[in-house]
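Q: As a plain string of letters, each chain reads:
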Amino acid sequence: MRKQRPFRPEQRDVRVTRWRGSDVNRKQSSAIPAGDRNWRGTKRRLISLRAGVAVIGGRAAGALSRRLHLGGGTTIAGIVAQHLYPGIVSHLAGQLEHGSIMVTGTNGKTTTSGFIAAILRDAGLRVWHNREGSNLMSGVASSLVIRALPNGNLRGKGRAISILEIDEAVMPQAVQTIPPRVAVFTNLFRDQLDRYGEVDTVAARWRGAVESLSASTTLVLNADDPTIAYLGELSTGQVMYFGIDDPTVDLAVQGSASERHQVIDTRTCPRCGSEYTYTLRLYSHMGHYHCANCGLVRPQPDIRAINIHSEGFDRTRVRVATSTIEHDVVVPLPGLYNVYNTLAAIAVAQALHINWDPIVTGVEQFKPAFGRGERVQVEGRNVRLMLAKNPTGFNEVLRTLFSSGTQLHVLFVLNDNVADGRDVSWIWDIDFEWVVQQTAGLVVAGSRARDLALRLKYAGVEQQDMTIVPPAPLRVVKREVAGNRMKQVAKVRLPSLTDAKVNTLEHEERAAAPHPYGIAEALNTAVHQTPVGETLFIVPTYTGLLEIHQELERRGLTPHYWEG
Amino acid sequence: MRSLKDVNATGLRLTLGHLYPDQLNLYGDRGNILTLRQRCQRRGIELRVVGLGIGDALAPDEYDMLFIGGGQDKEQAPVAQDLHDTKGIGLWAAIEDDMPVLVVCGGYQLLAHYYRPAEGPDMRGLGVFDAWTIHKGSHVPRCIGDIAISWNNSTLVGFENHGGRTYLGTAKPLGKVLKGHGNNSEDHTEGAIYRNAYGTYLHGSLLPKNPHFADHLIALALRRTYGMNSLPDENSNGFRPSTGAADLKPLDDILEWEAHASLLERMRLYNEAAAAMHMPI
Chain W
1 MRKQRPFRPE
11 QRDVRVTRWR
21 GSDVNRKQSS
31 AIPAGDRNWR
41 GTKRRLISLR
51 AGVAVIGGRA
61 AGALSRRLHL
71 GGGTTIAGIV
81 AQHLYPGIVS
91 HLAGQLEHGS
101 IMVTGTNGKT
111 TTSGFIAAIL
121 RDAGLRVWHN
131 REGSNLMSGV
141 ASSLVIRALP
151 NGNLRGKGRA
161 ISILEIDEAV
171 MPQAVQTIPP
181 RVAVFTNLFR
191 DQLDRYGEVD
201 TVAARWRGAV
211 ESLSASTTLV
221 LNADDPTIAY
231 LGELSTGQVM
241 YFGIDDPTVD
251 LAVQGSASER
261 HQVIDTRTCP
271 RCGSEYTYTL
281 RLYSHMGHYH
291 CANCGLVRPQ
301 PDIRAINIHS
311 EGFDRTRVRV
321 ATSTIEHDVV
331 VPLPGLYNVY
341 NTLAAIAVAQ
351 ALHINWDPIV
361 TGVEQFKPAF
371 GRGERVQVEG
381 RNVRLMLAKN
391 PTGFNEVLRT
401 LFSSGTQLHV
411 LFVLNDNVAD
421 GRDVSWIWDI
431 DFEWVVQQTA
441 GLVVAGSRAR
451 DLALRLKYAG
461 VEQQDMTIVP
471 PAPLRVVKRE
481 VAGNRMKQVA
491 KVRLPSLTDA
501 KVNTLEHEER
511 AAAPHPYGIA
521 EALNTAVHQT
531 PVGETLFIVP
541 TYTGLLEIHQ
551 ELERRGLTPH
561 YWEG
Chain B
565 MRSLKDVNAT
575 GLRLTLGHLY
585 PDQLNLYGDR
595 GNILTLRQRC
605 QRRGIELRVV
615 GLGIGDALAP
625 DEYDMLFIGG
635 GQDKEQAPVA
645 QDLHDTKGIG
655 LWAAIEDDMP
665 VLVVCGGYQL
675 LAHYYRPAEG
685 PDMRGLGVFD
695 AWTIHKGSHV
705 PRCIGDIAIS
715 WNNSTLVGFE
725 NHGGRTYLGT
735 AKPLGKVLKG
745 HGNNSEDHTE
755 GAIYRNAYGT
765 YLHGSLLPKN
775 PHFADHLIAL
785 ALRRTYGMNS
795 LPDENSNGFR
805 PSTGAADLKP
815 LDDILEWEAH
825 ASLLERMRLY
835 NEAAAAMHMP
845 I
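Going down the list, the protein sequences come from chains W and B. Number 319 in the working numbering belongs to position 319 of the first sequence; there are no gaps in the numbering. Number 599 in the working numbering belongs to position 35 of the second sequence; there are no gaps in the numbering.
Source of the hints: derived by calculation from the structure; they are not laboratory data. Be aware that a few hints might be false.
Far from chain B, some chain W residues (derived; all Cβ distances over 10 Å) [what the hints assert, rightly or not]:
#, residue
1, Arg45
2, Pro86
3, Glu379
4, Arg450
A few chain W residues that face chain B, going by a derived Cβ cut-off under 7 Å, partial list only [as the list claims (entries may be wrong)]:
#, residue
5, Leu193
6, Glu198
7, Asp246
8, Val330
9, Ser425
10, Asp431
11, Glu433
12, Trp434
13, Ala453
14, Leu454
15, Lys457
16, Arg475
Note that CB positions come from ideal geometry on N, CA and C, so glycine has one too.
Can you make the complete structure from the sequences, with help from the hints?
A: Structure below.
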């Protein structure tokens, strides 16, 4: 078996490397003693060989995983390659002509990366992007490995730039493995406390990551998020801030919105720990802030949105200003959070000295990323997928959907897998009060559908206004039991309470109706509740989105996301 | 104790003091407040919620119930300071006067003797519960996951996420751990009780999925404030004679018990799930 393996590419690689190794030796021959020279050449040859082996192994594992339908193969290739050669990532990333851009933050990583990619492609660069969801080191490794040749070299590395979406927790490790040319920090919100720990833990990690960066890295930071902006004080390199300077989007001038609950994840000054005050509030802790105690103040952004004007659900016209120029940019996505994502991408483009034409066209022609406003046609209905991963993200999706005041068709999917966060407490911090009497159809699904239904009930949604579609029935025949329980209570304990009897009857009727279970049925129910030609909004957590996508793929409605 | 004449004139009214709503609000604590308010409202009781931040005094006479949630480590230190300097005496007086008090996670730790972090000095607590908390360092995994405990011949379910291990002295535990870690993942105890003060690590949120526990707290408050063991019958002006246990008007809690039972089933506690669906109200 072993002999039959095609080893030729590597042998060719060894020759190439030998030539290169001697080249290096020639240059440095005066400084390096002969013995050391030989050792260096051998080491370089070994590295190349190991890189080649790692690439082959990783790609084979990825292909196998896809063939066996174990998954997209988006991480396995990287895991195997890193196992075979731990230095594979820096080996490959170092070959990119234009280096790497890293994007991290709680929300907006994928969309921001998408905007950056669209702009850079329009500017004529060869853009590489790590695949959806695989934003851990293994995913980054995969994205490089699948584009590497078996000789350990990257394919088409000239004019190439990689855009790497990096998980918050992995950022310190990532910047050490691949020193980025530009590092983007979008925002920091509470997210999956059981996985990331508290917001402060993540902030401390990022401060460590920024302190380890060399002066050649440009930081792109959100000026409106105090924790993010503070990172600029720790940087030795160039810093570019982006922010919103349009007073009309202040929470305080938006009437009822100011009464709504705001999830605030950072209240205290990152420098001195005292509470800061706002002159403009956008959402959560985003806004124009200053600390009365130590004088920390929001930095003046280099890229500013000075006028934000919504042109229908899907189009936001933003007037973007730098110190020298103003430009109108049309963002093809709803919501204030996507204005931030656009600003971050424009700041990156500015840091790379890209002129305005590709910026404007790149943003306008942007196609929504996986589940971030993505559009699908299902049986004549327009389906929009709006991923919501954490309280602030969910709140902003709800605000975007329901602030128009029209009644909508909605499917919520709440899962509690590791990638969603095992703890579902966060649903109690979401403003589901937006939803009350604002839905023409409401379906609640996912592994924690019952928790979400309860949340909606306590928000004030009438039980008859929602359809609950959990993955499976309870083992206990609950509705019967519950009905009996109510009956028993009504009969024995409180004979005068007529409403309890009414409830009993209602529940007995409900118990008789067939109950759908599982994600496919949830999708069916939601689609059929939506009249043909109208829009169904699906708001899932991360693995909920994957399940919905799989279901749509099964029906032949979306491409496999790892292709292309 | 308020007079019944007042009750008939204005309707039943309770006031909940929510301590440190801005600092300790990490684990869906809003769900607990929302549940108490709505379960009162659906029975014709008005629940007023008053937020008490750092520096605000706690006058026990003004409240019928108190609640403290959980928060980040950074926010816990100023809260501990404020508990000692400003609210401690009021809180002690309220608890000794049998006021129902619910403290979750960080709030629970602050009401025990002390919190000993992995590094640095102890954080002094109020000592309401004869218990203490030790964080054994980052090499010891946090207690994270779904949890079910037995309480009062029934179950309580929730989620826990705490780095510190709490050990009970003479304090009575809230319940016995059926699945999960509880106080310290060693002795199967969870939470602590002192008079009508309940400390627990359960969130998720706790009260929405445990309606019997929410009602227990409401009933305690009604009994303490109005001296009533049962609610006035809707058809009469007077009160029904007390029958011992507080007798709140039953609500349609099917969604609540389904959420409760489904979590039990996820922990493979099938008998408990079945029992939960038969819970008397």
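Q: For the hint on Glu433 (chain W), does the least C-beta distance to chain B fall short of 7 Å?
A: Violated: closest Cβ of chain B sits about 10 Å from Glu433 (chain W), beyond 7 Å.
Q: Grab the minimum C-beta distance from Leu454 (chain W) to chain B and call the hint holds if it beats 7 Å, violated otherwise.
A: holds (5 Å)
Q: Beyond 10 Å on every Cβ pair: is that true for Arg450 (chain W) relative to chain B?
A: violated (4 Å)
Q: Using Cβ atoms and 10 Å as the threshold, tell me whether Pro86 (chain W) really stays out of contact range of chain B.
A: holds (24 Å)
Q: Leu193 (chain W) was flagged as interface toward chain B. Is the shortest Cβ-Cβ separation under 7 Å?
A: Holds, about 6 Å.
Q: Would the stated hint for Lys457 (chain W) survive a check requiring a Cβ distance to chain B of less than 7 Å?
A: holds (5 Å)
Q: Restraint: Ala453 (chain W) near chain B, CB-CB cut 7 Å. Satisfied or not?
A: holds (6 Å)
Q: Closer than 7 Å between Cβ atoms is the bar; does Ser425 (chain W) clear it against chain B? Give me holds or violated.
A: holds (3 Å)
Q: Once the closest CB in chain B is found, is it more than 10 Å from Arg45 (chain W)?
A: holds (40 Å)
Q: Let's test the interface hint: is any C-beta of chain B closer than 7 Å to that of Trp434 (chain W)?
A: violated (15 Å)
Q: Report holds or violated for the interface hint on Arg475 (chain W), using the least CB-CB distance to chain B and a cut-off of 7 Å.
A: holds (6 Å)
Q: Hint validation: Glu198 (chain W) versus chain B, beta carbon distance must be below 7 Å. Holds or violated?
A: holds (4 Å)
The earlier numbered hints that this structure contradicts are 4, 7, 8, 10, 11, 12.
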